[in-house]
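Grab the two chains, each in its own frame, and use the hints to assemble them into the complex.
Take a look at the letters that make up each chain.
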Amino acid sequence: MNFWDYVSSRQDQLVSDTFQHASAVFQCMVVAVVLGVGIGALTYRSDRAGRIATLATGTVLTIPSYALLGLLIPVLGLGVPPTVTALVLYALLPIVRNSVVGLRGVDPALVDAARGIGMTGAARLLRVELPIAWPTILTGIRVSTQMSMGILAIAAYASGPGLGNEIFSGIAGLGSANALNEVVAGTVGIVLLAFVFDAALVLLGRLTVSAGIRA
Amino acid sequence: MAAVKPSESAQPTRTPTPTPPRTPTRTRTRWDRITKGKLLVTPLVLLALLLALYLWITNVPLDSIEKNSLNGGQVRLYLWQQIELTAISTFFVLVIALPLGILLSRGFARPAAPVAIALANLGQATPAIGLLALLTFWLGIGQRTALIGMVAYAVLPVLSNTMAGLRAIDPTLLDAARGIGMSPVGVLSRVELPLAVPLILAGVRTALILNVGTGTLAAFAGGGGLGNLITAGITTQRTRVLIVGAVLTVCLALLVDWLASLAELRLSPRGLEVSR
Numbered sequence: 001m002n003f004w005d006y007v008s009s010r011q012d013q014l015v016s017d018t019f020q021h022a023s024a025v026f027q028c029m030v031v032a033v034v035l036g037v038g039i040g041a042l043t044y045r046s047d048r049a050g051r052i053a054t055l056a057t058g059t060v061l062t063i064p065s066y067a068l069l070g071l072l073i074p075v076l077g078l079g080v081p082p083t084v085t086a087l088v089l090y091a092l093l094p095i096v097r098n099s100v101v102g103l104r105g106v107d108p109a110l111v112d113a114a115r116g117i118g119m120t121g122a123a124r125l126l127r128v129e130l131p132i133a134w135p136t137i138l139t140g141i142r143v144s145t146q147m148s149m150g151i152l153a154i155a156a157y158a159s160g161p162g163l164g165n166e167i168f169s170g171i172a173g174l175g176s177a178n179a180l181n182e183v184v185a186g187t188v189g190i191v192l193l194a195f196v197f198d199a200a201l202v203l204l205g206r207l208t209v210s211a212g213i214r215a
Numbered sequence: 216m217a218a219v220k221p222s223e224s225a226q227p228t229r230t231p232t233p234t235p236p237r238t239p240t241r242t243r244t245r246w247d248r249i250t251k252g253k254l255l256v257t258p259l260v261l262l263a264l265l266l267a268l269y270l271w272i273t274n275v276p277l278d279s280i281e282k283n284s285l286n287g288g289q290v291r292l293y294l295w296q297q298i299e300l301t302a303i304s305t306f307f308v309l310v311i312a313l314p315l316g317i318l319l320s321r322g323f324a325r326p327a328a329p330v331a332i333a334l335a336n337l338g339q340a341t342p343a344i345g346l347l348a349l350l351t352f353w354l355g356i357g358q359r360t361a362l363i364g365m366v367a368y369a370v371l372p373v374l375s376n377t378m379a380g381l382r383a384i385d386p387t388l389l390d391a392a393r394g395i396g397m398s399p400v401g402v403l404s405r406v407e408l409p410l411a412v413p414l415i416l417a418g419v420r421t422a423l424i425l426n427v428g429t430g431t432l433a434a435f436a437g438g439g440g441l442g443n444l445i446t447a448g449i450t451t452q453r454t455r456v457l458i459v460g461a462v463l464t465v466c467l468a469l470l471v472d473w474l475a476s477l478a479e480l481r482l483s484p485r486g487l488e489v490s491r
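Residue numbers (my numbering), protein chains in the order written: chain H, 1 to 215; chain L, 216 to 491.
What the hints contain is simulated information worked out from the structure, not anything from laboratory work.
From the three backbone atoms N, C-alpha and C, an ideal C-beta is built for every residue, glycine too.
Fair warning: there could be bad hints in the mix.
Said to hold, decoys possible - To list a few chain H residues with every Cβ distance to chain L over 10 Å, as calculated:
#, residue
1, Q11
2, T18
3, F26
4, A41
5, T43
6, P64
7, V80
8, V84
9, L125
10, V128
11, P161
12, A200
13, L203
Unchecked claim - Computed Cβ-Cβ distance ranges for the label pairs, DEER-style:
#, chain 1, residue 1, chain 2, residue 2, range
14, L, L255, H, G77, 51 to 59 Å
15, L, D385, H, V31, 37 to 45 Å
16, L, L408, H, G121, 44 to 52 Å
17, H, V7, L, L354, 51 to 59 Å
18, L, P409, H, D12, 54 to 62 Å
Only chain L is shown next, with the shape it has when bound in the complex (with noise of 0.2 Å):
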């Protein structure tokens, strides 16, 4: 019950706790509400944000080491770096957890799914940091080196995800679907994965979120990012390279987070929305 990553916590609930039958939707209309005013609100506050950060930094006398770090080349170049870790990143994660958390909730893989929850208690308890140096010790520095760790970090909290998941779905209704004569094939395409968007959005957002954070770490391996400017501004104890690196990468977060939202909200079946 404990494989939660970080931003998984970020679910309404994760808790085993049995509740009242008219909670969830109460629940679920509320947090509508919330996700609609932050779609609002987020991209104002992050333009507001990004448009004082500009205006600070171009109208402060800097000395060399900070035209060095700061010059508009090197920054665009960080942050394109950045996006790059967390699209190719999460791409793989998706691309490996999703079908593998299908593939180990069908029953003839039963057997190795609690193998695959230790692994991910396991890599809950390794320290990001720690996988992207023991990485760099055996495949080199590089962007490579980085994008594996990144991948190996978050493949697992959205493998536990995505059989949590499918486990979570009614069994009345997939007897019900065999009932009417589906083949498996058809109830997992026409009854299972429908139920599971909702999931699978949220381990989309999971991915993005956990590879945006692992992904300022990946300045550690060599692999680029903003995590240069972070590292940058503290070995050379200039506050205002320290600042640049960090308020760019909570923005890029928050709007990886807002865009990842508005995918939720976008694409989320409606006929889920009342019985969930």
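Next comes chain H alone, as it looks inside the complex (with noise of 0.2 Å):
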């Protein structure tokens, strides 16, 4: 069978594994940018909680995410709980970490101007440092982005959902007939979910970025 009979065989199951994946990521990312952008409006003004902030989550971006998986599995079970952990664990990393940069890079005279005409702390945070840090945080999303795409395909083992699920049934009917079909249909369906995802991002970046500090 050649690889267009097969999509067109599979259709249903691809694209049910590519919704899946989309939704899954993007719910996750959603998830984490919350949390991180939140971790880090929380820390960046403190010296000590911002490098413990970046200390945590830069050990946890070394540890494989094969084996994060395992080590979860035992508290979570298989399926979706430890697939949706891994997936925001990884993606706050840099999200906190740009966040934490982004808000330390304002210029404090603008942050001083902003008290001057008489912001309160929040107003400051909203109006003012995190409109600044926001192309910085951005770049961050991109980033757990694309990482997590690779992390869900991996996380299909813990009998997770996407499209991870094709590799792995390739991978498990090496030899069959269609084993090389599902391969690639999987890998090529997250490279494409990942350019779509990347896009809508620049996109968003395009429409949110503050008019004022556009390059």
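So this is what it looks like as structure tokens:
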């Protein structure tokens, strides 16, 4: 069976896997962005807290995702729980780091000016500091999204959802008629999804980065 | 700008955001302190973790499947395979990526640079497991296939890092070097490369960490390694096998990162610490 025949005969399965892959990454990214920017905003003012946040995230980043999944399975079982936990944990790291770096990079004179016109701490954060740090944070979100795409593929081995199931089913059936088709469909599908998500984030950047700081 | 592999984002900043001139020095010292604290703590934590794992697994009753997966020779073999995979692939990644990065940042190769960056972006979007699986169909099962996949996966980020780093060198320094009559080779060997040492070390670290991670997936390409224990733990539903495999992998990854940070701290030229 050639590749296109395979794709059309398994259309339903592939569409459902692709949708699940996209939806899992999207939902985990929403959680990770909220948590990550939150942690960044809470820790960037304190030298010590910022250091602990970046050190903790950096350490988790060096742990291979397959091993982290292995550690989560005894606690959370197979399937969606360890997958979501691993995805959010890894996605957090670049976002926290870039939030801290971005918020610390805001020109102190601007924050001072905001204070001078009578803005409260929360208003300064929401209306001055976060908008200025946003392009940096968005870069972190793009990195996290790409990472999540690949980690979700591995999580399929722990019964997670998505296109990774095509890849592992191909590996398991090495030598059978459709094995190569399955692996190609899974891999190419993930690459395409990654590009679509990245393009969407670039577009989001165009729409949301404040006109005053656009390069 | 999004050409960032997971472990590359471990660097403090990767954004074009302009920073006030004083910030870099402050960030630098803060980072030094982190690394030094980490240098003492990491080996102690890892030692304690491994000791706890050993005491636990030798005192817990194991069934026959677990005994089979966890007999000493087997675990040692997987651990050794994992180290071997990481070391060999890192060597090839550096041998390929660093010279190629230097070559592509020369003036005459400028047209090729965007192609390399586009390739790096494509490579970044490709899942490691998919790449390994595709190579298995092409080259058959075995350690060689796993190694080729690992090298292919890590070469691109190290390459784009090298190019970005060489491009980031202050052009006035190169101008000054040319101005005092240095040849292109002299500029490269006596100005650009010394300035790029921290960057090259960061590349070594990136390659090592990526390779430890991809190395756990080598098991799926028949390349051996600790991934075999994790896989066996999942398929036979033996939590203890899974935990031994995962904890050993985590310890190895943190140990490798620790060694790399030690090297970064030791080998970075002193003269750069203030200027960077």
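To see whether the hints hold, each was checked on the structure:
no., hint, in the structure
1, Q11, "holds (20 Å)"
2, T18, "holds (14 Å)"
3, F26, "holds (16 Å)"
4, A41, "holds (17 Å)"
5, T43, "holds (13 Å)"
6, P64, "violated (4 Å)"
7, V80, "holds (15 Å)"
8, V84, "holds (17 Å)"
9, L125, "holds (17 Å)"
10, V128, "holds (15 Å)"
11, P161, "holds (14 Å)"
12, A200, "holds (12 Å)"
13, L203, "holds (13 Å)"
14, L:L255 to H:G77: 51 to 59 Å, "violated (37 Å)"
15, L:D385 to H:V31: 37 to 45 Å, "holds (41 Å)"
16, L:L408 to H:G121: 44 to 52 Å, "holds (47 Å)"
17, H:V7 to L:L354: 51 to 59 Å, "violated (25 Å)"
18, L:P409 to H:D12: 54 to 62 Å, "holds (59 Å)"
Against the hints set out earlier in the document, violations occur for numbers 6, 14, 17.
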